[in-house]
Amino acid sequence: MHPAFSVIFFTTASGAGYGMLATLGFYAGHDALPQNVWFSITSMVVALGLVTAGLLSSTFHLGHPERAWRAFSQWRTSWLSREGVAALLAYIPACAFGLAWVFPALEWPARILGPLMIPFALGTLFTTAMIYRSLKTIHAWHNKWVVPCYLVLGPMTGAVFVLALSAGFGVTLKFLAAFSGALLAAGLVVKWLYWTFIDSTSAASTPATATGLSGTGPAVDVKSVEWPHTEANYVMKEMGFAVARKHAQKLRGIAIWLGFMVPAILIESSVMLPLPQLSFLAIPAAVLMAVGIVVERWLFFAQARHVVTLFYGAKSA
Amino acid sequence: MTSLPDKTDKKLGLVIDLDTCVGCQACVTNCKEWNTGGHMAPLTDLNAYAAEADGVWFNRVHTYEVTGSSACGASTSRTMHFPRSCLHCEKPDCVTVCPTGASYKRTSDGIVLVNEDLCIGCKLCSWACPYGAREFDVFEGVMKKCTLCVDRIYNENLPEEDRVPACVATCPTGARHFGDLGDPNSAVSKLVAERGGVDLMPEMGYAPTNKYLPPRPRKDTATSVPAKELTPVAATGFLGWVDKLLSR
Ligand code: SF4
Ligand code: SF4
Chain U
1 MHPAFSVIFF
11 TTASGAGYGM
21 LATLGFYAGH
31 DALPQNVWFS
41 ITSMVVALGL
51 VTAGLLSSTF
61 HLGHPERAWR
71 AFSQWRTSWL
81 SREGVAALLA
91 YIPACAFGLA
101 WVFPALEWPA
111 RILGPLMIPF
121 ALGTLFTTAM
131 IYRSLKTIHA
141 WHNKWVVPCY
151 LVLGPMTGAV
161 FVLALSAGFG
171 VTLKFLAAFS
181 GALLAAGLVV
191 KWLYWTFIDS
201 TSAASTPATA
211 TGLSGTGPAV
221 DVKSVEWPHT
231 EANYVMKEMG
241 FAVARKHAQK
251 LRGIAIWLGF
261 MVPAILIESS
271 VMLPLPQLSF
281 LAIPAAVLMA
291 VGIVVERWLF
301 FAQARHVVTL
311 FYGAKSA
Chain Y
1001 MTSLPDKTDK
1011 KLGLVIDLDT
1021 CVGCQACVTN
1031 CKEWNTGGHM
1041 APLTDLNAYA
1051 AEADGVWFNR
1061 VHTYEVTGSS
1071 ACGASTSRTM
1081 HFPRSCLHCE
1091 KPDCVTVCPT
1101 GASYKRTSDG
1111 IVLVNEDLCI
1121 GCKLCSWACP
1131 YGAREFDVFE
1141 GVMKKCTLCV
1151 DRIYNENLPE
1161 EDRVPACVAT
1171 CPTGARHFGD
1181 LGDPNSAVSK
1191 LVAERGGVDL
1201 MPEMGYAPTN
1211 KYLPPRPRKD
1221 TATSVPAKEL
1231 TPVAATGFLG
1241 WVDKLLSR
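Chains U and Y are the protein sequences, given in the same order.
If you read the first sequence in this note's numbering, its first letter stands for residue 1, the second for the next number, and so on.
If you read the second sequence in this note's numbering, its first letter stands for residue 1001, the second for the next number, and so on.
Since the hints were made in silico from the structure, they are not lab data.
Be aware that one or more of the hints could be misleading.
So the derived list for chain Y, only partly shown, Cβ under 7 Å to chain U, looks like this [as the list claims (entries may be wrong)]:
1) Thr1002
2) Tyr1049
3) Glu1052
4) Ala1053
5) Arg1060
6) Val1066
7) Thr1067
8) Phe1082
9) Val1097
10) Cys1098
11) Ile1120
12) Leu1124
13) Glu1135
14) Phe1136
15) Gly1141
16) Leu1200
Even for Gly, the Cβ is constructed at its ideal location relative to N, Cα and C.
Using the sequences plus the hints, can you model the full thing?
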């Protein structure tokens, strides 16, 4: 699938934003959020900013962005529509929580609004994952690992971002470093399982089933000898994107190291060597992780093969 | 509404004969000609006369080499031309994924259409179609697809015989048939039954309405037809007299 920048940016940015909201909500529920006005304002601005920038960027790739509001209407059948509705609803507890947290006079509502925000944030992440999970035409997306990947990677990036901000403002969220490390490990595990799955399996469809020849007597081999068009058409540009295997392997290595391993090492070493300056390692950890996760998300699109390519000479999809 | 009808009154669709299709692209051309002025008009072309020409088409004809061998091991390889367009599926995810309600399936005849005034151009429906039937119009910013020529098949301004999709009307080899596949007694349903019509990618579960008739099996031996024996002719009249004279 064509890795459109707007969609990659949307899924990574909004994933991190909702992950931050979930992390903050969790700490608020345990009454473990420090009352530092700059930390709270910055955290909320970054979290809601990431979510909003993501949503806006996803409307940029529309043919008619001015009609985007129509996308809220078909939540009965469409995961894309459900995502829009969920994203809109999530603003309500998130904004209420933000106000309650920023104004210390409203401390106790924050303790209730925080945990309330978690299902909204994770729910929106779930709807995003389901947009991909529900597409039967793309084997790399229509499988059981896609939802876990989104549900772990969102909170993982969010937790690391909150950790980096807390380090920047010199406040402490108890166990957040350990928690982030655990999420980074979990993220790597689900992503690894996902990659193993897509490497070892492919769609049930073949060129023979695509052309309807699979049931006609002895096995046949269907080879594309001529395309209907000499230049790439929309279908090939959108669905026929293929990344060379050797590049994919290299990029996976980059995603693994930058997205998971290096941030985990930096964060855990800052915990183990309790020098206050070392907490600043969380900041480069967050930056590197962001780059790694963008590479990971690029691969999620670039390595996804659509069954329509079977009509154009692909042997499997 | 993007919810699918449980049942449609009719199942209008096409039956495409892969045994007969010669890959002449006439259906492709007539489809473009009709539809660029029809319901989904225009079918925008970009750089039409330059390198990297691109444009919206509802119908595309591929060519394949199908290799196989018969029971006795002889090659049954052949060239197969393969027209590909919207199959007006009974369970199409292209409709259910649409966030705006622009994509819909009609309860009356099962035709799958896009309402261009509602479409936001998110392209998700084209991702959901296994058959590559939907093409995005970059210029108009909306999704386009085959309409089964809704603006021909019910068009009372056209003579009766022209009320079929443009591709069917033009096919010089008669490889394309149009009708109600929901009616077991229709000509198309009978043709499908007789020739063993198949679904494309049945494993996807979209239950396409359009059916394809696979190429007839190739014979690997010729039937032997002995020539008739010559029989003597009894000549009469003038020729009889010549015969008699010469036989002396
Ligand atoms: S062929 Fe594709 S566009 Fe047409 S109804 Fe089926 S899924 Fe939808
Ligand atoms: S491109 Fe248009 S028709 Fe297709 S899913 Fe999006 S809004 Fe619906």
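Verification of the supplied hints:
no.: 1; hint: Thr1002; in the structure: holds (5 Å)
no.: 2; hint: Tyr1049; in the structure: violated (12 Å)
no.: 3; hint: Glu1052; in the structure: holds (5 Å)
no.: 4; hint: Ala1053; in the structure: holds (5 Å)
no.: 5; hint: Arg1060; in the structure: holds (4 Å)
no.: 6; hint: Val1066; in the structure: holds (5 Å)
no.: 7; hint: Thr1067; in the structure: holds (5 Å)
no.: 8; hint: Phe1082; in the structure: holds (6 Å)
no.: 9; hint: Val1097; in the structure: holds (5 Å)
no.: 10; hint: Cys1098; in the structure: holds (6 Å)
no.: 11; hint: Ile1120; in the structure: holds (5 Å)
no.: 12; hint: Leu1124; in the structure: holds (6 Å)
no.: 13; hint: Glu1135; in the structure: holds (5 Å)
no.: 14; hint: Phe1136; in the structure: holds (5 Å)
no.: 15; hint: Gly1141; in the structure: holds (3 Å)
no.: 16; hint: Leu1200; in the structure: holds (5 Å)
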